[in-house]
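Chains A and B, in that order, give the protein sequences.
Heads up, the first sequence is in the working numbering, so the first residue is 50 and it goes up one at a time.
Heads up, the second sequence is in the working numbering, so the first residue is 15 and it goes up one at a time.
Derived by calculation from the structure, the hints in this document are not laboratory data.
Keep in mind that a hint or two might mislead.
Below, a sample of chain A positions facing chain B; criterion: calculated Cβ distance under 8 Å [to be verified]:
hint	residue
1	Ser51
2	Pro95
3	Leu97
Cβ atoms here follow ideal geometry from the backbone N, Cα and C, with glycine treated the same way.
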Amino acid sequence: QSVLTQPPSVSGAPGQRVTISCGGSSSNIGADYDVHWYQHLPPKAPKLLIYANTNRPPGVPDRFSGSKSGTSASLIITGLQAEDEADYYCQSYDKSISGSVFGSGTEVTVL
Amino acid sequence: QVQLQESGPGLVKPSETLSLICSVSGGSIRTLGYYWSWIRQRPGKGLEWIGYIYHRGTTYYNPSLMSRIRMSVDTSRNQFSLNLTSVTAADTAVYYCAKRREGDDAFDVWGQGTKVTVSS
Chain A
50 QSVLTQPPSV SGAPGQRVTI SCGGSSSNIG ADYDVHWYQH LPPKAPKLLI
100 YANTNRPPGV PDRFSGSKSG TSASLIITGL QAEDEADYYC QSYDKSISGS
150 VFGSGTEVTV L
Chain B
15 QVQLQESGPG LVKPSETLSL ICSVSGGSIR TLGYYWSWIR QRPGKGLEWI
65 GYIYHRGTTY YNPSLMSRIR MSVDTSRNQF SLNLTSVTAA DTAVYYCAKR
115 REGDDAFDVW GQGTKVTVSS
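Input sequences plus hints: build the corresponding full structure.
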């Protein structure tokens with residue numbers, strides 16, 4: 050069972066905006082640890098999409114953005130494209146285990 | 015640019031030890047610093063952090079696996095490794111090695127992953 054909670058799936062039509070939530074607790078997101086987001090399309094390796102809550106690595110389209118508030122965070126995809134169909138995971142640090150924790154993952158479907 | 019590549023057996027028998035190596039290219043583990051990590055994805059499940067190792071050997075393990083894990087670094091070969099003892103079918107997964115970013119906990123470089131099946 051994952052420490053961070055995500056909806057199992059979200060969907061949207063091309064061009065729409067979708068939001069993926071990531072719920073944590075006072076030992077991870079709520080303890081002011083950063084949240085990171087990954088895009089995973091098996092069998093490829095996960096790809097870092099957003100780091101430190103809001104930052105995009107070079108090469109990541111600006112239609113991907115992140116936010117964080119309290120014990121939760123969100124990944125927002127604006128202008129959804131067919132190529133965005135993938136699994137998305139949030140990740141943070143958890144002081145109770147002195148290590149990383151991942152969300153349960155959200156499958157994005159483009160209708 | 016740092017690149018990672020996992021290697022190891024694709025099939026391990028129950029109760030035996032799973033041993034994987036991650037080879038680092040594009041820089042020296044010794045001079046790069048960083049925390050190096052193992053992460054797995056079991057069939058139908060999400061990503062699971064296994065542990066980190068610093069280039070000087072300091073380790074942090076997932077408490078759920080701590081009693082069965084050992085990670086090590088071989089700076090002479092520019093590799094780090096994972097040993098997971100007493101495996102069961104529940105350890106069947108794709109295992110990834112990854113590099114943790116400096117300054118935060120994000121994993122910015124990943125290996126392609128290696129599939130390990132535990133079966134007799």
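Open item on the list: Just to be careful: measuring from the Cβ of Pro95/A to every Cβ in chain B, is the smallest value less than 8 Å?
Closed with: 6 Å, holds
- [ ] May I ask you to test the interface hint for Leu97/A with respect to chain B, counting a Cβ-Cβ separation under 8 Å as satisfied?
- [x] OK, holds: Leu97/A within 8 Å of chain B, min 5 Å.
Task: Status of the hint placing Ser51/A at chain B (closest C-beta pair under 8 Å) - done: Check passed: Cβ of Ser51/A comes within 6 Å of chain B, closer than 8 Å.
Checked against the numbered hints above, the structure violates none of them.
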